[in-house]
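Enquirer: Protein chains in written order, with this note's numbering: chain B, 1 to 385; chain P, 1 to 262.
Simulated from the structure, these hints should not be mistaken for laboratory data. The model shown is predicted, which means the values in this text are computed figures rather than measured ones. Don't be surprised by glycine CBs; every beta carbon is placed ideally from N, CA and C. Check before you lean on any hint, since a few could be wrong.
[As the list claims (entries may be wrong)] Looking from chain P toward chain B, a few residues come up when the C-beta cut is under 10 Å (computed):
{"no.": "1", "residue": "D98"}
{"no.": "2", "residue": "H102"}
{"no.": "3", "residue": "A165"}
{"no.": "4", "residue": "F176"}
[Said to hold, decoys possible] Pairwise CB distance ranges, derived in the manner of DEER restraints:
{"no.": "5", "chain 1": "B", "residue 1": "I169", "chain 2": "P", "residue 2": "D84", "range": "47 to 55 Å"}
{"no.": "6", "chain 1": "B", "residue 1": "V257", "chain 2": "P", "residue 2": "D130", "range": "25 to 33 Å"}
{"no.": "7", "chain 1": "P", "residue 1": "A48", "chain 2": "B", "residue 2": "L252", "range": "51 to 59 Å"}
{"no.": "8", "chain 1": "B", "residue 1": "V25", "chain 2": "P", "residue 2": "Q186", "range": "31 to 39 Å"}
{"no.": "9", "chain 1": "B", "residue 1": "V257", "chain 2": "P", "residue 2": "G211", "range": "47 to 55 Å"}
{"no.": "10", "chain 1": "B", "residue 1": "V282", "chain 2": "P", "residue 2": "R247", "range": "30 to 38 Å"}
{"no.": "11", "chain 1": "B", "residue 1": "V349", "chain 2": "P", "residue 2": "D106", "range": "25 to 33 Å"}
[Unchecked claim] Each computed DSS-like pair below joins lysine-lysine, with the alpha-carbon atoms no more than 30 Å apart:
{"no.": "12", "chain 1": "P", "residue 1": "K241", "chain 2": "P", "residue 2": "K212"}
{"no.": "13", "chain 1": "P", "residue 1": "K93", "chain 2": "P", "residue 2": "K249"}
{"no.": "14", "chain 1": "P", "residue 1": "K39", "chain 2": "P", "residue 2": "K212"}
{"no.": "15", "chain 1": "P", "residue 1": "K88", "chain 2": "B", "residue 2": "K271"}
{"no.": "16", "chain 1": "B", "residue 1": "K83", "chain 2": "B", "residue 2": "K7"}
{"no.": "17", "chain 1": "P", "residue 1": "K249", "chain 2": "P", "residue 2": "K45"}
{"no.": "18", "chain 1": "P", "residue 1": "K249", "chain 2": "P", "residue 2": "K215"}
{"no.": "19", "chain 1": "P", "residue 1": "K238", "chain 2": "P", "residue 2": "K144"}
{"no.": "20", "chain 1": "P", "residue 1": "K39", "chain 2": "P", "residue 2": "K117"}
{"no.": "21", "chain 1": "P", "residue 1": "K241", "chain 2": "P", "residue 2": "K70"}
{"no.": "22", "chain 1": "P", "residue 1": "K52", "chain 2": "P", "residue 2": "K249"}
{"no.": "23", "chain 1": "P", "residue 1": "K249", "chain 2": "B", "residue 2": "K271"}
{"no.": "24", "chain 1": "P", "residue 1": "K52", "chain 2": "P", "residue 2": "K215"}
{"no.": "25", "chain 1": "B", "residue 1": "K32", "chain 2": "P", "residue 2": "K88"}
{"no.": "26", "chain 1": "B", "residue 1": "K32", "chain 2": "P", "residue 2": "K140"}
{"no.": "27", "chain 1": "P", "residue 1": "K88", "chain 2": "P", "residue 2": "K241"}
{"no.": "28", "chain 1": "P", "residue 1": "K62", "chain 2": "P", "residue 2": "K45"}
{"no.": "29", "chain 1": "P", "residue 1": "K117", "chain 2": "P", "residue 2": "K93"}
{"no.": "30", "chain 1": "P", "residue 1": "K144", "chain 2": "P", "residue 2": "K45"}
{"no.": "31", "chain 1": "P", "residue 1": "K86", "chain 2": "P", "residue 2": "K70"}
{"no.": "32", "chain 1": "P", "residue 1": "K241", "chain 2": "B", "residue 2": "K32"}
{"no.": "33", "chain 1": "B", "residue 1": "K271", "chain 2": "P", "residue 2": "K70"}
{"no.": "34", "chain 1": "P", "residue 1": "K45", "chain 2": "B", "residue 2": "K32"}
{"no.": "35", "chain 1": "P", "residue 1": "K144", "chain 2": "B", "residue 2": "K271"}
{"no.": "36", "chain 1": "B", "residue 1": "K222", "chain 2": "B", "residue 2": "K83"}
{"no.": "37", "chain 1": "P", "residue 1": "K249", "chain 2": "P", "residue 2": "K140"}
{"no.": "38", "chain 1": "B", "residue 1": "K32", "chain 2": "P", "residue 2": "K39"}
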Amino acid sequence: MLENALKGNKGYWTLIIVLLVIMGVAGLCYLKQFTFGLGITGMSRDVSWGFYIAQFTFLVGVAAGGVMVALPYYLHNYKAFGKITILGEFLAIASVSMCLLFILADLGQVQRALNVLLHPTPHSVLFWDMIVLNGYLFLNIIVGWNVLEAERNSVPPPQWIKPFIYISIPWAFGIHTVTAYLFCGLPGRHYWLTAILAPRFLASAFAAGPSLLLLLCFIIRKVTNFDPGKQAIQALAKIITYAIIANVFFFLCEVFVAFYSNIPGHTVHLKYLFVGLHGHGVLVPWMWASVIFMTVAIILLVNPVTRQNESILMVSCILIFIGTWIDKGLGMISGGFVPSPLHHVNEYVPTILEIIISLGVWATGFFILTILFKIAISVEQEVEA
Amino acid sequence: MKNSRRSFLKIAGVSALGLVIKPVFNTFASSEEHAEHLKPDFSKKNNALTGKRWGMVIDTRKFQSEEDLKPIIDACNSIHNIPDLKVKNHEIKWIWEDEYEHAFTDSENEYVNERVKHLPFLVLCNHCDDPPCVRACPTKATFKREDGIVLMDFHRCIGCRFCMAACPYGSRSFNFRDPRPGIEHQNPDYPTRTKGVVEKCNFCAERLAVGKMPKCVEVSNGAIAFGDLDDPDSTVRKLLKENYTIRRKPSLGTHPSVFYIV
Ligand code: SF4
Ligand code: SF4
Ligand code: SF4
Chain B
1 MLENALKGNK GYWTLIIVLL VIMGVAGLCY LKQFTFGLGI TGMSRDVSWG
51 FYIAQFTFLV GVAAGGVMVA LPYYLHNYKA FGKITILGEF LAIASVSMCL
101 LFILADLGQV QRALNVLLHP TPHSVLFWDM IVLNGYLFLN IIVGWNVLEA
151 ERNSVPPPQW IKPFIYISIP WAFGIHTVTA YLFCGLPGRH YWLTAILAPR
201 FLASAFAAGP SLLLLLCFII RKVTNFDPGK QAIQALAKII TYAIIANVFF
251 FLCEVFVAFY SNIPGHTVHL KYLFVGLHGH GVLVPWMWAS VIFMTVAIIL
301 LVNPVTRQNE SILMVSCILI FIGTWIDKGL GMISGGFVPS PLHHVNEYVP
351 TILEIIISLG VWATGFFILT ILFKIAISVE QEVEA
Chain P
1 MKNSRRSFLK IAGVSALGLV IKPVFNTFAS SEEHAEHLKP DFSKKNNALT
51 GKRWGMVIDT RKFQSEEDLK PIIDACNSIH NIPDLKVKNH EIKWIWEDEY
101 EHAFTDSENE YVNERVKHLP FLVLCNHCDD PPCVRACPTK ATFKREDGIV
151 LMDFHRCIGC RFCMAACPYG SRSFNFRDPR PGIEHQNPDY PTRTKGVVEK
201 CNFCAERLAV GKMPKCVEVS NGAIAFGDLD DPDSTVRKLL KENYTIRRKP
251 SLGTHPSVFY IV
C-alpha cells in the first residue's frame, strides 16, 4: 500500500515539499538549540516548561480524540463511521508522533533520553506516560494498517486484530488521563492540583480531535472525490457539541471552586490568566479569545439549523480547535507556573526559534498525516472503483 | 569546467554540512570528555560525618540585613562552581534570599512585625523527608540517600525538568546553557555541570564525606546549625526543643528538614 504515497498530483507534491522545507528550517533551529541549550527558549527557572510541553499536552488530546470515531464504529457497529475511522486512527498516529517529538525537543540532554528505559522508575508519571504514548502509537499502527489492508482486499479484518482494537479504546482515554496526572499530582501547583483535570483534558480532547478530523474531511472532500458521508459528519458534529459543552462546564466548575472558596492559591492563576497579576498579563487577550471562541461555537453547534449548515459547522470547528488550543497549548502550562511557588510573577513568552522548532514538529506531524491519508484515500478509491 | 564546478559545489555542500554538524559532534565529545572528573566525590572517608536524617536550623534572629547573608551565599556559590550568567532566565541558585511573604507563602500575615517583614530569609532546598521531586524524576537522577539528603546525579539527568515542576519551593535550577563561561574562579574540587541538567543544594554531601560541615554553616557565625534530626542529643534537636521554629509550606506534607527560628 505504501506505493500509493509515491503517486500523487501536483498539489500533493507541493504540500509535501512545503512541509519538508519547514521541517528543514526547524531542523537547523533545533541544531542551534542542541548546541547552545534550552536557553534559546523563553523558559526560565520559574516557568520551566513552555511551548513544547504545552503543544505536547494539546496533541495528546488530538490523538485521544480519534477514539470518538473508533468507539462508535467498533463497539456499537456504527457503520456511518466506517470511512473515517481509519482517518481517525491515522490522525492519532501523526499526533502521537508529534507528542514524542515535542518531548524530545524539550529535553535538556536528549542523547540520554533512553535513561527512562534504562532506569525504569514506576513512581514517576513520566515513565508511565512514555509507556502509554508508545503503546498507543503501536496500537494505532497495527490496527490502522491491518484494517486498511483488509479493506483493500475486500475481506473482513483478521480475527487476531480484535483484541488490539478493544484495547486501543480504553487506551485512548488512558493516554490523556496519564498526561493529566503529570500535572495534577504535583503539590503546590494549584492550577493543576485538581481532580477534574483529567476529565477536563478528555473533554477538550474529544472536542479538539474530532474538530480537526472534520476539518480534514472537508479539505479532503474538496481536493479528492472522497466523501465521508453526511451522516458521519453530522454524527461527529454532535459528539463535538457534547464534548465542548462538557469542557466549558468543567472549566466553570473550576472557576466556582476557586472563587467561592476564595482560597488565594486557587484564584491567583485564574486571575493571572484572565485579568493579569501585578501588571503582568500577556495571556489575557488570548484567554478571553479562547472563552469567546468556545462559547460562540457552542451556540452555533447546539442549534440544529446552524449545525446542519456545513459552512457554519466548519467555522465552529475552527473556533473550537483554536479555542481549545489556546486553553491547553498556551494557558494551561504557563498559567500553572505563574505565579511561581514563591509567589513571584515571572512571565513566559516563547522565542522565535522556539516557535519555529514547534512549527517544524507540527510540519512533521502533517507530513506523516499527509502520507497516511494519501494511502488511506487511494485505497478507498481503489475499492470503490 | 563543468566537472570542476560540480566538484566545487560538492565540496562546498559537504563543508556546509560539516559546519552544521561539527558543533553537534563537539557537544557529544565534550560531554564525554568531562565525564571523568564530573562526578562529585560523595564516598565516605574515615572521618565522614554520618547521620540518619540531616537537618538544618536557621536562626534568623542573628541576621539583620542582606549584608549578613551575602557571605553565606557567596561561599556556597564559589565552592560549588555556581555561575553568574547575567541573564535572569538562565540563573542558577542553590541558596538565596527572599522576603518573609515569599519564603513562607502560606503564613501570610499582613500585620507581621517590622523586623520579620523586612528581614531577608535564606532559602534553599529543604531536603524534604517525602520529596515530590524524587517521586517525579523518571530516571532516579534525583534520589534520597539513607541519611535524608536529596541528591542528584548530573550524569543521569535527562533534563526533563519534571522535578522542577514538582518542587513546591522553587529550589531547583536548570542549566539553560553551558554554565562554565559564567564561573569566575573555578573550584577544581567540585565538578562543573554541563548544559541541560538540573541542579540544587546538596547539603554539602561532598564535605560531609570528609568530615566537614556544610559551607554555609561554617561561614554563618553560628546562625545556621546542622546535624542529625534523628539524634535526640544533636545540636539541631536541642535548638528545636528550646525554640519555636517554622518550616516552609508544611501543609503539603513534604516534611522539610530545614527549620527557621524567627
Ligand atoms: S525542596 Fe524541592 S528540591 Fe528540595 S527535596 Fe524538597 S521538593 Fe526536592
Ligand atoms: S530533570 Fe533530571 S533530575 Fe529532574 S526529573 Fe528530569 S531527569 Fe530527574
Ligand atoms: S548546604 Fe552546602 S550546598 Fe546547600 S546551601 Fe549550604 S553551602 Fe550550599
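Enquirer: So, for every hint listed, does it hold in this structure?
Expert: Against the structure, the hints come out as follows:
no.: 1; hint: D98; result: 6 Å, holds
no.: 2; hint: H102; result: 4 Å, holds
no.: 3; hint: A165; result: 6 Å, holds
no.: 4; hint: F176; result: 4 Å, holds
no.: 5; hint: B/I169 / P/D84: 47 to 55 Å; result: 54 Å, holds
no.: 6; hint: B/V257 / P/D130: 25 to 33 Å; result: 26 Å, holds
no.: 7; hint: P/A48 / B/L252: 51 to 59 Å; result: 58 Å, holds
no.: 8; hint: B/V25 / P/Q186: 31 to 39 Å; result: 38 Å, holds
no.: 9; hint: B/V257 / P/G211: 47 to 55 Å; result: 53 Å, holds
no.: 10; hint: B/V282 / P/R247: 30 to 38 Å; result: 34 Å, holds
no.: 11; hint: B/V349 / P/D106: 25 to 33 Å; result: 29 Å, holds
no.: 12; hint: P/K241 / P/K212; result: 25 Å, holds
no.: 13; hint: P/K93 / P/K249; result: 20 Å, holds
no.: 14; hint: P/K39 / P/K212; result: 19 Å, holds
no.: 15; hint: P/K88 / B/K271; result: 25 Å, holds
no.: 16; hint: B/K83 / B/K7; result: 21 Å, holds
no.: 17; hint: P/K249 / P/K45; result: 35 Å, violated
no.: 18; hint: P/K249 / P/K215; result: 25 Å, holds
no.: 19; hint: P/K238 / P/K144; result: 25 Å, holds
no.: 20; hint: P/K39 / P/K117; result: 41 Å, violated
no.: 21; hint: P/K241 / P/K70; result: 29 Å, holds
no.: 22; hint: P/K52 / P/K249; result: 23 Å, holds
no.: 23; hint: P/K249 / B/K271; result: 22 Å, holds
no.: 24; hint: P/K52 / P/K215; result: 20 Å, holds
no.: 25; hint: B/K32 / P/K88; result: 20 Å, holds
no.: 26; hint: B/K32 / P/K140; result: 29 Å, holds
no.: 27; hint: P/K88 / P/K241; result: 40 Å, violated
no.: 28; hint: P/K62 / P/K45; result: 33 Å, violated
no.: 29; hint: P/K117 / P/K93; result: 23 Å, holds
no.: 30; hint: P/K144 / P/K45; result: 20 Å, holds
no.: 31; hint: P/K86 / P/K70; result: 18 Å, holds
no.: 32; hint: P/K241 / B/K32; result: 55 Å, violated
no.: 33; hint: B/K271 / P/K70; result: 35 Å, violated
no.: 34; hint: P/K45 / B/K32; result: 43 Å, violated
no.: 35; hint: P/K144 / B/K271; result: 36 Å, violated
no.: 36; hint: B/K222 / B/K83; result: 16 Å, holds
no.: 37; hint: P/K249 / P/K140; result: 25 Å, holds
no.: 38; hint: B/K32 / P/K39; result: 27 Å, holds
Consistency note: the structure conflicts with the earlier hints numbered 17, 20, 27, 28, 32, 33, 34 and 35.
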